[in-house]
Amino acid sequence: MPPSGDDDDVRAYARRSVVRAVVVLVLLLVAVGVLGRWYAPQLLAATGWVYAHVGFGGLLFILFLSDAVITPIPPDAILLVISKSELAAQWPAIILLIGVQSAVAGCVAWTFGKKLGHLRVVQLVFGRFRSKNEALVRRYGRWAVALGAMTPIPFSVTCWIAGMFGMRFKDFAPVTLLRVPRFFIYYVAIAFADDVMRVIL
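Residues 69 to 269, numbered by this note's numbering, are exactly what the sequence shown covers, in order.
It cannot be assumed that every hint is accurate.
[What the hints assert, rightly or not] Here are the simulated EDC-like cross-link-like pairs (lysine to aspartate or glutamate), alpha carbons at most 20 Å apart as the crow flies:
1. K183 - E154
2. K182 - D239
3. K183 - D239
4. K182 - E154
5. K238 - E202
Keep in mind that the hints were calculated from the coordinates and are not lab data.
Take the sequences, apply the hints, and build the full model.
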């Protein structure tokens, strides 16, 4: 059976998301590398101020909110703070903790979607994200969650929608652990971007 136009759109959306993830990673490396190369004191001052006022617990809380609900703070901003603070000395353990916490937050988002997805206010909040992500979840199932875990597709939104549309938890939960390698990849890109920039320039 030939694919429908909707199927083509969903596949194109998935492909664009993968390409966007690669582009975002490269741009992130360049941006942090430039800041670290020419604005290191200012960058350290800014990240130090955030860490001093928020603390490690606050950073974890912000990350949890980002993955369980919707916040305007991207998780990679928190990774930048970690990489430029005293937390960088224990980064493997910290990034592992963050990745596992993110997976747990995704499971919380799935539960919220399952229990609250019928509410009108929830449907209004997710309105502009819903059509593409719903089609993605219906078409690809757990692979849609994998895309949300690894690419710029909003992870929390994907998890809410997976719960709203009845994806089984036993299919959903294991895929959220892809957040662990995702955070390791992005952290390494952020933490060592200025070293890469020095080699290039």
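ask   = Between K183 and D239, does the CA-CA distance stay at or below 20 Å?
value = holds, 18 Å
message = Would the hint linking K183 and E154 be met if the CA-CA limit is 20 Å?
response = violated, 40 Å
task = With a cut-off of 20 Å on the C-alpha distance, tell me whether K238 and E202 pass.
result = At roughly 19 Å apart (the allowed maximum being 20 Å), E202 and K238 satisfy the hint.
query = Given the hinted pair K182 and E154, is their alpha-carbon gap at most 20 Å?
reply = violated, 39 Å
inquiry  = What's the verdict on K182 and D239, does the C-alpha distance respect the 20 Å limit or exceed it?
reply    = holds, 14 Å
The structure fails hints 1, 4 (numbered hints given earlier, in ascending order).
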